[in-house]
Amino acid sequence: MRIKNSPSAYGLVSIILHWLIAIVVLGMFALGYWMVDLGYYNPWYHKAPALHKSIGVVLFALLAFRVIWRFTNQPVQPVASHSPWVRTGAKIAHLLMYVMLFTIVFSGYLISTADGAGVLVFGLFEVPATLQGLPDQADLAGFIHKYVAWALMVTVFIHAVAALKHHWFEGDETLVRMFGKRARKPK
Amino acid sequence: MLKKLFTSVVIGSLFLAGAASAADYKVDIEGQHAFVQFKVNHLGFSWMYGTFKDFDGTFSYDAAKPEDSKVNIVIKTNSVDTNHAERDKHLRGPDFLNTRKHPEATFASKSVQVTGEGTMDVSGDLTFNGVTKPVVIKVTKTGEGQDPWGGYRTGFEGSMSIQLKDFNVKMDLGPATQTVEFMLSLEGVRL
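Those protein sequence lines, which keep their order, are chains A and B.
For the first sequence, position 38 matches number 1346 in our numbering, and the numbering has no gaps at all.
For the second sequence, position 95 matches number 101 in our numbering, and the numbering has no gaps at all.
Read the hints as simulated data drawn from the structure, not as lab findings.
Note that the structure is a prediction, hence the values are computed from the model and not measured.
Honestly, I wouldn't trust all of these hints.
[Claimed, not checked] Covered by chain A, per the in silico footprint, the following chain B stretches (three or more residues, Cβ under 8 Å):
hint, stretch
1, 84-97
2, 174-181
[Said to hold, decoys possible] Only pairs whose alpha carbons sit at most 30 Å apart, straight line, appear in this in silico DSSO-like list of lysine-lysine:
hint, chain 1, residue 1, chain 2, residue 2
3, B, Lys76, A, Lys1361
4, B, Lys71, B, Lys171
5, A, Lys1489, A, Lys1361
6, A, Lys1454, B, Lys95
7, A, Lys1454, B, Lys59
8, A, Lys1454, B, Lys107
9, A, Lys1361, B, Lys176
10, B, Lys147, A, Lys1355
11, B, Lys171, B, Lys116
12, A, Lys1361, B, Lys95
13, A, Lys1361, B, Lys116
14, B, Lys76, A, Lys1454
15, B, Lys32, B, Lys76
16, A, Lys1355, B, Lys176
17, A, Lys1361, A, Lys1454
18, A, Lys1355, B, Lys32
19, A, Lys1355, B, Lys76
20, B, Lys32, A, Lys1454
21, B, Lys82, A, Lys1454
22, B, Lys45, A, Lys1361
Every residue gets a Cβ at the ideal spot worked out from N, C-alpha and C, and that includes glycine.
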């Protein structure tokens, strides 16, 4: 498999980024959902948010690299059998997921740094606060963080169902392309 | 514009002069010589201090008749600050102060009992987290007199403690953290 994308296939880097970010995002949602209701005496009360924040910073780096990679590689063409409607729908969903991911990462950062404290990443280094002391910053950022995360999960669900539909019901290569398979030549 | 401003200032002063008796004070929020601090024990290890940054109030006091004193304080609960953004967000939320549902906490005095030279027990109703309960604030007068700028000031400090459970605070932080102690310092400027 080639490292970079070609018009008919995703390269190794794109594929790894897709699945790695998919796993991290689903894990982060589960971790976030679980940790906000931990009791004060739970051993994870401090560890879980520290982990969530550390992974969040790493996720931001992955997302930034993914966007750079996407725009410096040649674009992979849509599957030939996809109708214009499907192409537009997929494009909107993909764009929406990128926007939501960055919104979630930034809003999360703005909660923790609202009073000027930095975000410690795995105890190794600290990302300093930048925007701080905005009116209602932590509460507003928290609201956005929570509800955009839910909206992302709904979009991810639609994205996954659509991929499976293409695989099972239309029998096209939409899904297998994300595992490295080359598109069939249009007949 | 200037004339309008002048007129409103004059009318305002007349109104204030008419409404105020000699013993009415406004808490010095402008110069912020007033503090609503609290402390809560952390697991039995140490005291965590916090403050409400946004509040206002009035009181009336006459050194000759301290038992006739009255005080009213309104605290904006979302101004809670413990020097930690994440904790403060948690405190504003449904586990603790429910600040969206209950944006204000109030204290309104009902009676004053003089307990000694410059000390008194101020009884009244505290509304906190939507629950109203009678409380007693132990108050000590800290000073009174002319300030250097032509005003007249009187200051007090007060303390009270409340049980979190009494005011429907949902989250239980353990046996060492059932009580919140409040420490108040209020300086008033006579109107």
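Open item on the list: To test your reading of the hints: which numbers does this structure violate?
Closed with: 3, 4, 5, 10, 13, 14, 18, 19 and 20
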